[in-house]
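Participant: So the chains spell out like this:
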Amino acid sequence: MCLAIPGRILERSGRDGTAWGRIQFGGIMREACLDFVPEAAVGDYVIVHVGFAISVVDRAEAERSFALLQSMGVLEDELRSDLEAG
Amino acid sequence: MQYLDEYRDAKIARALAAEIARRTTQPWVLMEICGGQTHTLVRYGIDELLPAGVEMVHGPGCPVCVTPLETVDKAIAIAARPEVTLLSYGDMLRVPGSRGDLFQVKAAGGDVRIVYAPTEALKFARAHPERQVVFFAVGFETTAPANAMAVWQAKREGLRNFSMLASHVLVPPATRALLASPRTRVQGFIGPGHVCTVMGTREYEALAREFRVPIVVGGFEPLDLLEAILMLVTQLEQGRAEVENQYVRSVSQVGNPQAQRALAEVFAVCDQKWRGIGGIAQSGLALRPEYAAFDADRLYGTAGFSASEPAECMSAAVLQGLRKPADCPAFATRCTPDTPLGAPMVSSEGACAAYYLYRRHTAGAGRA
Ligand code: SF4
Chain A
1 MCLAIPGRIL
11 ERSGRDGTAW
21 GRIQFGGIMR
31 EACLDFVPEA
41 AVGDYVIVHV
51 GFAISVVDRA
61 EAERSFALLQ
71 SMGVLEDELR
81 SDLEAG
Chain B
87 MQYLDEYRDA
97 KIARALAAEI
107 ARRTTQPWVL
117 MEICGGQTHT
127 LVRYGIDELL
137 PAGVEMVHGP
147 GCPVCVTPLE
157 TVDKAIAIAA
167 RPEVTLLSYG
177 DMLRVPGSRG
187 DLFQVKAAGG
197 DVRIVYAPTE
207 ALKFARAHPE
217 RQVVFFAVGF
227 ETTAPANAMA
237 VWQAKREGLR
247 NFSMLASHVL
257 VPPATRALLA
267 SPRTRVQGFI
277 GPGHVCTVMG
287 TREYEALARE
297 FRVPIVVGGF
307 EPLDLLEAIL
317 MLVTQLEQGR
327 AEVENQYVRS
337 VSQVGNPQAQ
347 RALAEVFAVC
357 DQKWRGIGGI
367 AQSGLALRPE
377 YAAFDADRLY
387 GTAGFSASEP
397 AECMSAAVLQ
407 GLRKPADCPA
417 FATRCTPDTP
427 LGAPMVSSEG
437 ACAAYYLYRR
447 HTAGAGRA
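Quick note, the sequences are listed as chains A and B, same order. Reading the first sequence from the start, the letters are residues 1 to 86 in my numbering. Reading the second sequence from the start, the letters are residues 87 to 454 in my numbering.
Hint data in this document are derived by calculation from the structure and do not stem from the laboratory. Take these hints with a grain of salt, some might be off.
Here are the simulated SDA-like pairs of lysine to any residue, each with C-alpha atoms no more than 20 Å apart in a straight line [as the list claims (entries may be wrong)]:
1. B:K209 - A:S81
2. B:K241 - A:A19
3. B:K209 - A:A19
4. B:K97 - A:R22
5. B:K97 - A:E61
6. B:K192 - A:L83
7. B:K97 - A:S71
8. B:K209 - A:R22
9. B:K209 - A:R15
10. B:K209 - A:W20
11. B:K209 - A:R80
12. B:K410 - B:P396
13. B:K209 - A:S13
14. B:K241 - A:R64
15. B:K209 - A:M29
16. B:K209 - A:R64
17. B:K241 - A:R15
18. B:K241 - A:D82
19. B:K209 - A:L83
20. B:K209 - A:D16
21. B:K192 - A:R80
22. B:K209 - A:R12
23. B:K209 - A:D35
24. B:K241 - B:R384
25. B:K241 - A:E61
26. B:K209 - A:G14
27. B:K209 - A:S71
28. B:K209 - A:G17
29. B:K209 - A:R30
30. B:K209 - A:T18
31. B:K241 - A:D16
32. B:K192 - A:S81
33. B:K359 - B:A397
34. B:K241 - A:G14
A few chain A residues facing chain B, derived, Cβ under 10 Å [said to hold, decoys possible]:
35. D16
36. F36
37. V42
38. H49
39. V50
40. I54
Think of the CB as a built atom: it goes at the ideal place given N, C-alpha and C, for glycine as much as any other residue.
Working from the sequences, and respecting the hints, build out all of it.
Facilitator: Here it is, written out as structure tokens:
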């Protein structure tokens, strides 16, 4: 559960006084809170840990890390939720 | 190197390994603190690529593995209550408590669910005012700000059916305890990249100075780890003991100030027990008194729980880098990821599970 996964911000929105983003991790979409990265914009790549973006990273770096995590087969586990479908 | 060959930068990796070998003139023992790094290291056989003199030992860096036994017992007791829905990160459901685990509570009809983010637990509480929603929150400094935000928001909204069973651990005090132990063999550390993304690198500077030990904050990919090892060996060979940052693409000296603010608003530093290791002063985070209404430990009267750990599990020595998982007589026989005796066998970031997944046939062979 300690992994952090790079994903791309598809959409930004505000809700309950917090900034949210729709984040794409390969074929999986998840919402993440963007409050810790106020500088992040749509199209940016962020490192997401338990639903919170913790840093903004370069696109090439992000894509490489993602491919690696995918090949290690750890993504599904990390993004698993009984509440949110796929 | 069958594992590394699957990696597309295998050539660069080998060049880095050769450079490490070229610079190494005497034996060094290095520790990676973070479980994510342990996973990569074992998965890609990075440690086997190093020159004979450079030994990697694996640290306590998996929050799932060090969550105290009695805290797991508390979660089990709370989850068994009919009015409660308990939510947690997936790995926590399989961690053995004194008797059974959370999956068994679920199988017996308890409402236990996996979430990937603490905010999902909050969402669930809003949607189900008839349920008492308890979020079982574990983690290092990377995770604590996210957990903090859930409690902060619950308080702001006046949610009355949400609480948190919290068990957070801090890396620098545990590193200090390891270094202060007369048994320690570790001469250099790979610092945890995502913990430092949040907290920055300043806390590690004091450690490097005080114990004259080099610390290189590293990332999680094979090349990150090899580069961090090269930087450590270079420092050691030159007699330097500094904090350096290999993972510059995510880590800065000051870290993430927004995340630090969230953490400090909700949590205060406290003494904390680590499973397999014991108590470490000022190494955990507890809810501040202003958030006492969200403290599940208080609400469900579990504060007095205590438990003693099974004698058979060697996780104490494993988590302190004194023994390797395969040294444990139960490894891959009585203890497997399906029937874990100790927490390091549960999470893929636990050293025992990483060895089971990728080293069973070499390291564990002949022990069955
Ligand atoms: S193999 Fe199992 S019993 Fe042995 S130290 Fe690891 S978790 Fe404990």
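Participant: Taking the hints in turn, state whether each one holds.
Facilitator: For each hint, the structure was consulted:
1. Pair hint K209 of chain B plus S81 of chain A holds up; C-alpha atoms about 13 Å apart against a cutoff of 20 Å.
2. The straight-line distance between the Cα atoms of K241 of chain B and A19 of chain A is roughly 18 Å, inside the 20 Å bound, and the hint therefore holds.
3. For a cut-off of 20 Å, the pair hint linking K209 of chain B to A19 of chain A stands: about 15 Å separates their Cα positions.
4. Under the criterion of a C-alpha separation no larger than 20 Å, the hint pairing K97 of chain B with R22 of chain A is inconsistent with the structure, at around 36 Å.
5. With a CA separation close to 18 Å, the supplied pair K97 of chain B and E61 of chain A stays within the 20 Å bound.
6. A C-alpha spacing of about 15 Å is found between K192 of chain B and L83 of chain A, which places the hinted pair at or below 20 Å, so the restraint holds.
7. The straight-line distance between the Cα atoms of K97 of chain B and S71 of chain A is roughly 18 Å, inside the 20 Å bound, and the hint therefore holds.
8. Distance check on the hinted pair: K209 of chain B and R22 of chain A sit about 16 Å apart at the alpha-carbon level, within 20 Å; holds.
9. Distance hint between K209 of chain B and R15 of chain A is fulfilled; the C-alpha atoms sit about 12 Å from each other, no more than 20 Å.
10. Distance restraint check for K209 of chain B and W20 of chain A: the Cα-Cα separation of roughly 14 Å lies within the 20 Å cut-off, and the hinted pair is therefore satisfied.
11. At most 20 Å may separate the alpha-carbon atoms for a hinted pair to count; K209 of chain B and R80 of chain A meet this at roughly 16 Å.
12. A distance of roughly 18 Å separates the Cα atoms of K410 of chain B and P396 of chain B; the hinted pair therefore holds under the 20 Å criterion.
13. Between K209 of chain B and S13 of chain A the alpha-carbon distance is near 17 Å, which keeps this suggested pair within the 20 Å criterion.
14. Our distance criterion of 20 Å between C-alpha atoms is broken by K241 of chain B and R64 of chain A, whose separation comes to about 39 Å.
15. Note on K209 of chain B and M29 of chain A: the hinted pairing holds, with a Cα-Cα distance of about 17 Å set against a maximum of 20 Å.
16. Taken as a hint, the K209 of chain B and R64 of chain A pair is broken in the structure, with Cα atoms around 32 Å apart against an allowance of 20 Å.
17. About 16 Å separates the Cα atoms of K241 of chain B and R15 of chain A, which keeps this hinted pair within 20 Å; it holds.
18. Between K241 of chain B and D82 of chain A, the direct Cα distance comes to roughly 25 Å. Violation of the 20 Å bound is thereby established for this hinted pair.
19. A distance of roughly 10 Å separates the Cα atoms of K209 of chain B and L83 of chain A; the hinted pair therefore holds under the 20 Å criterion.
20. Between K209 of chain B and D16 of chain A, the direct Cα distance comes to roughly 11 Å. Compliance with the 20 Å bound is thereby established for this hinted pair.
21. For the suggested pair K192 of chain B and R80 of chain A, the alpha carbons sit about 17 Å apart, so the restraint of at most 20 Å is met.
22. Pair hint K209 of chain B plus R12 of chain A holds up; C-alpha atoms about 19 Å apart against a cutoff of 20 Å.
23. A C-alpha spacing of about 17 Å is found between K209 of chain B and D35 of chain A, which places the hinted pair at or below 20 Å, so the restraint holds.
24. The suggested pairing of K241 of chain B with R384 of chain B holds, with an alpha-carbon distance near 16 Å, which does not exceed 20 Å.
25. For the given pair, K241 of chain B sits about 38 Å from E61 of chain A by alpha-carbon distance, which is inconsistent with the 20 Å threshold.
26. Between K209 of chain B and G14 of chain A, the direct Cα distance comes to roughly 15 Å. Compliance with the 20 Å bound is thereby established for this hinted pair.
27. A C-alpha spacing of about 32 Å is found between K209 of chain B and S71 of chain A, which places the hinted pair above 20 Å, so the restraint is violated.
28. Of the pairs offered as hints, the one joining K209 of chain B and G17 of chain A holds, with about 15 Å between alpha carbons and a cut-off of 20 Å not exceeded.
29. Taking the CA atoms of K209 of chain B and R30 of chain A, the gap is near 14 Å; set against the 20 Å cutoff, the hint holds.
30. For the proposed pair K209 of chain B and T18 of chain A, the alpha carbon gap of about 14 Å is at most 20 Å, so the pair holds.
31. A hinted pair counts as satisfied when its Cα atoms are at most 20 Å apart, and K241 of chain B with D16 of chain A qualifies at roughly 13 Å.
32. Between K192 of chain B and S81 of chain A the CA atoms are separated by roughly 15 Å; this keeps the pair inside 20 Å, and the hint holds.
33. Proximity of K359 of chain B to A397 of chain B is assessed by CA-CA distance (about 17 Å); at most 20 Å being required, the pair is judged to hold.
34. Straight-line distance between C-alpha atoms of K241 of chain B and G14 of chain A comes to about 19 Å, which keeps the hinted pair within the 20 Å bound.
35. At its closest, the beta carbon of D16 of chain A sits 7 Å from a beta carbon of chain B; the interface hint therefore holds under the 10 Å criterion.
36. Annotation: interface hint on F36 of chain A holds; nearest CB of chain B at approximately 4 Å, less than 10 Å.
37. The beta carbon of V42 of chain A comes no nearer than 19 Å to any beta carbon in chain B, farther than 10 Å, and the hint placing it at the interface is violated.
38. Because the closest C-beta pair between H49 of chain A and chain B is about 5 Å apart, less than 10 Å, the hint holds.
39. For V50 of chain A, the suggested interface contact is upheld, since its CB lies about 5 Å from the closest CB of chain B, less than 10 Å.
40. A cut of 10 Å between beta carbons decides the hint on I54 of chain A: the least distance to chain B is about 5 Å, and the hint holds.
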